[in-house]
Amino acid sequence: LANATSNELLIKVLYAPKLPRVASQRAIAGSSVGINCTADANPVAKLTLLKSNSTLSEASQPTLLHSVPSVTRNLTGAYSCLASNSIGSARRDFSLTVLYPPAVQAPSSVMVREGASLQVGCNVEAEPPPFTVNWRHPGSGRLLGNSSQLLITAAARTDAGEWTCEAQNLMSPSDGREPRNGRGSATVQVTVQYPPGMPVVAFTAGT
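As numbered in my numbering, residues 669 to 875 make up the sequence shown, in order.
Hints listed in this document are in silico derivations from the structure and should not be mistaken for laboratory results.
Take the hints with a grain of salt, since some may be wrong.
Below 20 Å or equal to it, Euclidean Cα-Cα: the simulated EDC-like pairs (lysine to aspartate or glutamate) are [to be verified]: (1) Lys719 with Asp761; (2) Lys714 with Glu726; (3) Lys686 with Glu726; (4) Lys686 with Asp708; (5) Lys714 with Asp761; (6) Lys680 with Asp708; (7) Lys686 with Asp761.
Nothing here was measured: the structure is a model prediction, and the numbers come from that model.
Construct all of the structure, not just a fragment, from the sequences and the given hints.
In structure tokens form, the structure reads like this:
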């Protein structure tokens, strides 16, 4: 009897890359971040990580992992994961937001005449924006807010001294870590000018 032979036919299905959704992230400045791009494709896709359409890293394998040990503010922006092979391509867009505490700037000193209007502003940069901005006068314990503008309609001598602009925000990362309070401040030295008072004459009895 003749031996029957069987032929096995191996069929490979080729298909364009499929990319799952890449979640946008929020990370506190100084913390570590990992960006993971994974593509299902045949043949294996070339993966490219882009920031504002500029290439950050590439890999010719199913997964691309881009790690940043310590994120900085300039890494905030729009990102894309691009996968391509001979059949087609796919793209997923996402964002990274770097959170940071308030950075407060104000003039170091101002001068105002007694009775005149005093207006001083502080500039606050923070992510997310601060939920409170106050002006504090430690000498008197006064607290004015909620505004980045210190406004006194008629300056008095008691308004002289250090005024501190204080800002606070709440940074909530997306990795499940506990939210953190962020604080920042800047101090302004206020000088109130006033005219001389009436001279005081004192007599000392002789011996």
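A quick look at each hint next to the structure:
1. Lys719 with Asp761: 10 Å, holds
2. Lys714 with Glu726: At roughly 7 Å apart (the allowed maximum being 20 Å), glutamate 726 and lysine 714 satisfy the hint.
3. Lys686 with Glu726: Holds, because 17 Å separates the two Cα atoms, which is no more than 20 Å.
4. Lys686 with Asp708: 5 Å, holds
5. Lys714 with Asp761: 17 Å, holds
6. Lys680 with Asp708: It holds: about 14 Å lies between the C-alpha atoms, which stays within 20 Å.
7. Lys686 with Asp761: Holds. Lysine 686 to aspartate 761 sits at ~14 Å (cutoff 20 Å).
Of the numbered hints given earlier, the model fails none.
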